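First to last, the protein sequences are chains A and B. The first sequence: position 206 = 206 (our numbering), numbered continuously. The second sequence: position 247 = 247 (our numbering), numbered continuously.
Hints were generated in silico from the structure; no laboratory data involved. Misleading hints may appear alongside valid ones.
[Claimed, not checked] Derived CB-CB ranges, DEER-like:
{"hint": "1", "chain 1": "B", "residue 1": "Asn147", "chain 2": "A", "residue 2": "Gly89", "range": "51 to 61 Å"}
{"hint": "2", "chain 1": "B", "residue 1": "Ala139", "chain 2": "A", "residue 2": "Ala266", "range": "43 to 53 Å"}
{"hint": "3", "chain 1": "A", "residue 1": "Ala76", "chain 2": "B", "residue 2": "Ala68", "range": "55 to 65 Å"}
{"hint": "4", "chain 1": "B", "residue 1": "Leu202", "chain 2": "A", "residue 2": "Leu278", "range": "28 to 38 Å"}
{"hint": "5", "chain 1": "A", "residue 1": "Gly89", "chain 2": "B", "residue 2": "Asp181", "range": "37 to 47 Å"}
{"hint": "6", "chain 1": "B", "residue 1": "Ala68", "chain 2": "A", "residue 2": "Leu208", "range": "57 to 67 Å"}
{"hint": "7", "chain 1": "B", "residue 1": "Asp8", "chain 2": "A", "residue 2": "Lys304", "range": "17 to 27 Å"}
{"hint": "8", "chain 1": "A", "residue 1": "Gly89", "chain 2": "B", "residue 2": "Ala145", "range": "27 to 37 Å"}
{"hint": "9", "chain 1": "A", "residue 1": "Gln9", "chain 2": "B", "residue 2": "Pro2", "range": "18 to 28 Å"}
Small disclaimer: the values here were computed from a predicted structure and weren't measured. Idealized CB from N, CA, C, for every residue including glycine.
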Amino acid sequence: MSDLESFRQEIRTWLEANCPAEMREPVRDEGDVCWGGRNFQFKNAAQKAWLEACVAKGYTVPDWPRAYGGAGMSPAEAKVWREECARIGARPPLSSFGIWMLGPALLKFGTEEQKVHYLGEIARGEIRWCQGYSEPGSGSDLVSLQTFGEDQGDHWVVNGQKIWTSYADKADWIFCLVRTDKANKYQGISFLLFDMTTPGVTTKPIKLISGNSPFCETFFDNVVVPKTQIVGDLNRGWDVAKYLLGHEREMISGAGGGDRLNAIGAIVARNGLEDPILRAELAMFDVDALAYGCMGEKFLDEAKVGKAHPAQPNMMKYAGTELNKRRHELLMSAGGATALEWDSERTSGGTPARSWLRTKANSIEGGTSEVMLNVIAKRILDLPGA
Amino acid sequence: MPLYHTDDQAMLADTVTGFMADEGGIKQQLRHFRDINCQDGFGHGLWKQFAEMGLTGMLASEADGGLAMGHVEAGIVLKEIGRNLTPSPFLTTSVMGVTALSDGSDDLRGRWLPGVLAGDSVLAVAVDEGPKHRPERIAARAEKAGNGFRLSGNKAFVVQGASADAIIVAARTSGSDSDVDGITLFAVPKDAAGISHENLRLVDSAMASNIRFDNVELDGDCVIGDVDGGRALLNKVLNAGRIGAAAELTGVGQGSFDVTTAYLKTRKQFGKLIGEFQALQHRAAHCYSELEIAAAAVIKAQQLLDGGSEKAELMVSVAKAKAALACNLSVREGVQMHGGVGMTDEYDIGLYMKRDRSLAEFMGDQYYHAERVAQLSGY
């Protein structure tokens, strides 16, 4: 038996013993997701047990080094882990912007002290993070951000406003882009971390077209941030931000192992498919979705050996989010009047409609489709003046 | 298996890319043979060069003198054929024909494969009987007669049918037109009495034949594989043709896209390079995305076919449909972005559009394959 095969047996045995049956059911809605953090309320004992079992082994972040709370798995071993989890339908033990976004940036840019401290907290699900990037005047043109950190020797005093800060009202800490040099556009931004309970931080949820409020406005009024809480070099936060955005885009596009872009025709057909034109649209969608799935696989394979173009995540993000919007348009059509129900038990409180509305943000958040196309034109196609 | 070429495959790609660009270019092959009104639609000299490089027998077994390679490798050749619009019998002969003959008897392989491997012979595959791909229905009949068969019926859109030395024919030996069973494959020699051709030049300058078989007497040793049990072999041949056409389509789409982006970087209007305009940049970037996704679907399907996976059937249809959609987008945008000169024969972009149309139709268009995706997915 090869090492990898015996590793697979080991994982399989461990999962059998440690993954509770309730954690092998598909996630129904946001309330099912384990976000962790200081104030997180576990939905049930199984959710808590599953997190604790994974934390003890470093399985919340299997490919991070052991010193930072991971399991130190090689890429091949991490793949086995994902495959074995998928085989039994195991839910992720922990969903976290710390894992998806901040973690990779800290691994690359953080000091040893920061890595040990923050990565460990993230891996154990102790601190829930939010992202402070966009501002009311700085969306796609993110580099125009105005939130300012004034140098006070051993600390900065931060003033300004962020917007679209996902779950800021539930987050414990924020990773935040702050202007620290007003004279320099790109090289005047720093990447700061601070506690959301610091005096001067307030949040206000924004009600969206879906009726939900996952996003917030976040205000900073003379917030004191110690100088030890910078990631990367002073005024070079843009490098960290760009690196992190690459991970965010992969996450949104579903390339990071997400299953949102599976074919849907067979699922829809279970409840009867009377309309031949809807069936045809579903089939054409499935062609695109299955082909996109191959692209995700190809990208991950190429990225592992350094063959992928660095701007490839922009293409994945563009194509994946446009496809996901089309998917939900079709699901709404397939659901008919039932999919329109907003509060009914039958739809778990309007899940199809709210999900459909939520997807409209996919091609806006993390860089709009138009920005993605600009990046492809410039960095991959090398078109003039782009 | 990772979705990129192995070192050996990358080496093959390097060799083939150089060879096809040097020898198979649009001017010396496609335009030349079109302009002299060549009735074969391709050059035998280049076919001989294919043979010298071992390409003609790349899917044949080593025992038959071939290279025993797979669809990933054949796809490498086809992508470059597509990129250069190289007229060649490679897809019908070395991919589909050789796949069919590989299930044939020693005698049959010995009769046809040496000529193919030497670049002296060409094979055609005759399945469809109307203007659309519909292999589920086969009406051409081969009745038992003596120790052989008597073949009658019509076959349409047989690419290189009139210049082929042997035509691989799917005919019905029992049952009714739409039955799954009762199909037999035959290798019919071109000079058999009772064959007549309507040889047609297509929009892309390739030659295809509508063939009539009128009581064609065939020896029993023309049969490939089992009598009445040919459906599985036919599917194997069709899958080889479909993934081959998909690979060629990605080459056509890429070639068209390269020509177009080069044009965007040189053509000026309003005092600017037209590639500076965001309207065109976004459409070009979209086109790029679609071509990349199609290429990913194609290599996935090639690997699944080579690995004998049960998912191959579904992914071949995904790949053929997606490659057709992406390539079609590329050629349509290509002609539009060229503006007026895109409508002239002098510029190559129109040639890409013509080839796309032919290849998209060959072995089933995107609608046929989306329908198959639905059926194979159980809806």
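Okay, the hints, checked on the actual structure:
1. B:Asn147 with A:Gly89: 51 to 61 Å: Holds, at about 59 Å.
2. B:Ala139 with A:Ala266: 43 to 53 Å: violated (32 Å)
3. A:Ala76 with B:Ala68: 55 to 65 Å: violated (29 Å)
4. B:Leu202 with A:Leu278: 28 to 38 Å: holds (35 Å)
5. A:Gly89 with B:Asp181: 37 to 47 Å: Between Gly89 (chain A) and Asp181 (chain B), where Cβ atoms are some 39 Å apart, the hint holds.
6. B:Ala68 with A:Leu208: 57 to 67 Å: holds (59 Å)
7. B:Asp8 with A:Lys304: 17 to 27 Å: holds (19 Å)
8. A:Gly89 with B:Ala145: 27 to 37 Å: violated (59 Å)
9. A:Gln9 with B:Pro2: 18 to 28 Å: Holds, at about 24 Å.
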